[in-house]
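Protein sequence lines, in the order shown, are assigned to chains A and B. Going by this note's numbering, the first residue of the first sequence is number 1, and it counts up by one from there. Going by this note's numbering, the first residue of the second sequence is number 1, and it counts up by one from there.
Read the hints as simulated data drawn from the structure, not as lab findings.
Copies of the same chain are indistinguishable here, so a pair counts whether it falls within one copy or spans any two.
The list that follows gives simulated cross-link-like pairs (lysine-lysine, BS3-like), each with its CA atoms no further than 30 Å apart: (1) Lys145 / Lys24; (2) Lys245 / Lys24; (3) Lys49 / Lys65; (4) Lys145 / Lys245; (5) Lys70 / Lys55; (6) Lys386 / Lys360; (7) Lys24 / Lys55; (8) Lys167 / Lys261.
Only a predicted model underlies this, so the values are computations on that prediction, with no experimental measurement involved.
There are 2 protein chains.
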Amino acid sequence: MRRFIYAVLLFAGTCAAQDAGQFKPAETNVWGAEYPRIDAAGRVQIRIKAPDANKVKLNFWSGPKVDMEKQPDGFWTVTTTPLVPGLHYYVINIDGADASDPGSNAYFGGTRYTSAVEIPEPGSTYYSIQDVPQGQVREVWYNSKVTGSWRHALVYLPPDYEANARKRYPVLYLQHGGGEDETGWIRQGRANFILDNLIAAGQARPMIVVMAYGYARRPNSTGPTVTGPTPGSAQGAQARNEMAKVFEEEVTQVLIPFVDKTYRTLADRDNRAMAGLSMGGFQTFHITLNHLDLFSHIGGFSGAAGLLEDRALDLKTDFNGVFADPAAFARKVHVLYLGVGTAENERFTTRIRGLHNALKEAGVEHVYWESPNTDHEWQTWRRNLKDFASRIFKKK
Amino acid sequence: MRRFIYAVLLFAGTCAAQDAGQFKPAETNVWGAEYPRIDAAGRVQIRIKAPDANKVKLNFWSGPKVDMEKQPDGFWTVTTTPLVPGLHYYVINIDGADASDPGSNAYFGGTRYTSAVEIPEPGSTYYSIQDVPQGQVREVWYNSKVTGSWRHALVYLPPDYEANARKRYPVLYLQHGGGEDETGWIRQGRANFILDNLIAAGQARPMIVVMAYGYARRPNSTGPTVTGPTPGSAQGAQARNEMAKVFEEEVTQVLIPFVDKTYRTLADRDNRAMAGLSMGGFQTFHITLNHLDLFSHIGGFSGAAGLLEDRALDLKTDFNGVFADPAAFARKVHVLYLGVGTAENERFTTRIRGLHNALKEAGVEHVYWESPNTDHEWQTWRRNLKDFASRIFKKK
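Using the sequences and the accompanying hints, generate a full structural model.
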């Protein structure tokens, strides 16, 4: 994989020399929008109408934060320095107000609909639509006794699901990050195309992927809408743990029975996986390691170690004590997976590397994979999903 | 139906007297957002952070256009006059820039993701989720030889689709309006809940509903992205007719065969309907009346008369001459439906009433229904869909 990435970067460099400066609309634009535009070097041009504004800024979450320049026609424009391949969230700040770019599709991130631009990764086809048999993503609503509300989930069914009216499938529960929602893995992550392509290439078993809404609170409770671990705050930790507990009940008591009733699943622990990114990784570790009777494959993408905050792993007590007996754990858990991007904030890399090292030292079998040069962004998680999905449900 | 609506308005009046001034977050908000807020009178409170802006305006497409007031904390606020029930698009104009409200879900309308607020219609449950058997909405991608591109559609399958592995279903092709997209009938229109509720009540036959992307152009063409009839412009009419022709080929040569191959459809004209709103109504009339070999049920919601612009119907030549022989037309077309809201712009009401009167005078059997007090907005089209769906596929 590393070798592949280096080759890609070389190719991108060549391209850039040829095509830099030739800008075209980004694939993440709405129908007909000429801006945002990108060139082969990964530079982005943004153009926003704000005739009476005093100051307009372009802020990428992971990338340039730059002032835009006012043009005589009332539009503000800017061309960025090159961005790395992947999907990059951004906002336009207009006189202090964070606004979306009307030219961009809207992606749910940061607890709001936000703009994003896709910089293609030259040579990568694994997360784009290809002429291979395609699965279908379904929207489902189900009524939860845990939250006292209707909940919405997306469910990917593999290409051969309908042609084989008696075949049953393993299930991957796949969770979004904090501030995102159940649509993230499809809209931003393109999980459906990743699975279609892996399955067509024989690299993954046909599987059902369930993407649920990752926020949960008790009926009529109005507490804070915690979206992820808040390090260092006792109140944050308490709210986080309460939310984790409610979501754990939601998944184990409502969602799994609903899915097993609604679809032709292989409804046993050997055929059930859970993975998630960032907050979803924290939730995955919390839920699966409290329910090894239900899960046998576990993936944490940039987020498994949230529980630990800044202290060392305690084998005896952390994660319900499951790591205390590595041999017993290896018999139960077929894949334990940790992923992180090398360009992520130290908060993530240090903790996840720390967890990896602690597990290694303790002799707990697991997969640890660093995504080269990618930040706490979807490119890391697309790569993680591709890698993880190709490893699970392989044990007979 | 009229009686029902009046009763509803009376009830709303009572409610308003009791609860006006008690504001709560709108159901169209993103998770945890306290604003927009609404009260029982239908008034809306908006709050936007824009500390350095000089002027901030709230503009409802069909509704108040008002200046917002700057507060000492850098937020701008406003409370509107009462809005009628339904989903109302709006934008926040910040120093000349049209921005979305981060507290609102994002709906594709006006060729961009825009904000909207739902004002409940007291007593109406037909377009909200109920504890009845539910269909599933599926996302499909299909490759079109007509446009040379992958195209995305949403497909509603009725509640009993999977339980009856051999049952075949009639199909309604349901199109969005200009500036909207294939997601509109689900996200804004709630077509899935409307169908679930009608089917549960025995008021509509279980049917498949296909919601396709309504824009189409030839491979590699870069013409204007026409989104609807442009009255009075020869160039606009030419572009519109070219787009209509490409979309006609797309629907008849690609989409219908794809749907009939992918789902258990009743693949004959007696079991195929098409309807659409505004631009989608224009497209529906254009496509179905050129293909009565394919369709037998036709619905135009606030948009059937686009072709005529401001002249009278010519029975002999307009709409492919199908109205020249009313008896022959009645044998072929089981339902011809025209709908419009009484509060719509005269451009719509005059034309559609004119078409209705011309058809009536000519003795062409059809249904004409005016939605009381609703504008060129989703509340009109939700009512139209409920009415239309309960009338189709009833002939043996």
